[in-house]
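Going down the list, the protein sequences come from chains S and E.
Residue numbers are given in our numbering: position 51 of the first sequence equals residue 139, and the series is strictly consecutive.
Residue numbers are given in our numbering: position 60 of the second sequence equals residue 68, and the series is strictly consecutive.
Take the hints with a grain of salt, since some may be wrong.
[To be verified] Derived lysine-lysine pairs resembling DSS-like cross-links, with alpha carbons at most 30 Å apart: (1) E:K72 to E:K39; (2) E:K173 to S:K100; (3) E:K173 to E:K39; (4) E:K76 to S:K100; (5) E:K173 to E:K76; (6) S:K124 to E:K76; (7) E:K39 to E:K76; (8) S:K124 to E:K173; (9) E:K39 to S:K124.
[Stated by the list, open to error] Here are the computed distance ranges between Cβ atoms for each label pair: (10) E:K173 to S:A140: 43 to 53 Å; (11) E:K72 to S:T159: 37 to 47 Å; (12) S:L160 to E:R36: 51 to 61 Å; (13) S:P112 to E:Q17: 45 to 55 Å; (14) E:K76 to S:L156: 49 to 59 Å; (15) E:S10 to S:V153: 50 to 60 Å; (16) S:E114 to E:R99: 19 to 29 Å; (17) E:Q17 to S:T159: 26 to 36 Å; (18) S:N104 to E:D143: 20 to 30 Å.
Derived by calculation from the structure, the hints in this document are not laboratory data.
Everything numeric in this text was worked out from a predicted model, so none of it was measured.
Glycine is no exception: its CB is placed at the ideal position from the N, C-alpha and C atoms.
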Amino acid sequence: MRSTHQPSVSRKQLENLLAQVLVPVEPDLRFVRTLKARLVTYRGSRIGPIWALAFGVGVATVTTVAVLGLTLRVILALAGVIGSVSRQRGEAGARPGAVSKA
Amino acid sequence: MSELARDEQDLVRRAGSDAAAFGELYERHVKRIYNYIYYRTGNHHDAEDLTERVFQRALRHVDKYEDKGVPFSAWLYRIAHNLVANWHRDRSRKPLLPLDERLFVARVGAQPESQAIDREEIEVLMACVRRLPEDRQQLLILKFVERMSNAEIGEIMGRTEGAIKSLYHRTLNALRDEVGAALVGGSDQPDG
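This is chain E alone, in the form it adopts within the complex (with noise of 0.2 Å):
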């Protein structure tokens, strides 16, 4: 076990106990959690409201937490997708994810003919993405946001890191065909 991980197991044994201990928890963690959120629902007030709960049951539970081997961040992801999980359950709803401004931003030297065909393709990618089967959804989120690794993501996962390599192939191809599917769809719709 890694220097870091056993500083993480003491915190996490003196969180229930130690306010001081809980917060610095909640700072190494609530960005990680927060852009996972965000993600999953697409806008920054559900992802505020719910990163709020996700912390305040983790609080709440946080003395009866069992050192399995994985991550405290394993624990965390796992009340935030449940937690997003019923979030959508109650809606019954999925919204689209944001096309953020920001998004474009890091695109540096792009014109803005170039732009107007980004935002379409991305777009196009990300409600494709929003039709993935939730487990997907996680691991492209993990995958791309939180730049994981494959074995990182097997542990909040609960899957070997073979499974998720094996997963991440299967959704880039049930997504390439998607995209390409609905980029071919598009372009070939009449004007008028």
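Pulled out of the complex, with its shape left as it was, chain S reads as follows (with noise of 0.2 Å):
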């Protein structure tokens, strides 16, 4: 509801009421200093959409098991190699023997 009395103040003398209330505040400089180490920290931190995660997991889980299946293999063929060739020296060295008798 407006007054019915003249506005005791000015324009002008509003505005340089204004100006003298309206001053800019300084934050806490603490504050400032940790609100940036803060949002630095949390860039550092974040570890994007959900989907992202899910797919590294899988790809890092999908080459374990990938390079332990090759592993796995290369030794069986490596302990089957030595196990042939062990066999062949044995039959190798068994032979004369075998002659002598029959």
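Both chains are given apart, each in its own frame, so use the hints to dock them into the complex.
Laid out in structure tokens, this is it:
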């Protein structure tokens, strides 16, 4: 509701008063520094979207299983070769004896 | 586009992936955003809390920021404006704007008696400012605290320079009526 009184302050006085009251304030410097540090840390700790995380875990799991499988196959293959060579050497050593018995 | 504006746009483009670029933007704007929120909320605690939220939100969405020819600060003020509006809605209250002691320090040479009068005037003025619609409060803060021109305020508030000039004129008239009525009403009241 408007007053019936004539305004007691002029526009210029009001502007001067506003200029005196609405003055810039300085935030706490510790707050400013801490917030900046937190924002930088926050960016560093971002893990990204959940699908990217799931994709990463999936790729890592498949790769690990593939590497383990390949390693196992190589070990088994080497064991087979070593066994085969040993058997051949054993057979070669036993053959002269077998001939003499005959 | 000025060199400063080009430099800022370059920082904004890099801020999505470069922490240092975002840090530079933060340094440039944190005080202005803090001031804006401080005068809208009325206390340092909430000003710090909301300023933090503004920059966290900006950090999350800066890679989606589109340059539409307005300053980056306009985008930050928009975020701050929305968060302050939510803050007021959540609390369903509008606290008195602070009558911080530092407001009186600038008055060089003021005597104790005149300070008492000034304080009363200021309390009345701030109460009247607090009752203004949000856009008018925003206009006064940007004009007096941030010392922005009508054109700059227009960019931030999404209005033309002429519209801001007109809004400012209407705001001062309304405020003058309110303050005049409050001061007259206050002085008319009986002592006992």
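Failing hints, ascending?
Hints 4, 8, 13 and 17 are the ones this structure does not satisfy, whereas the remaining hints hold.
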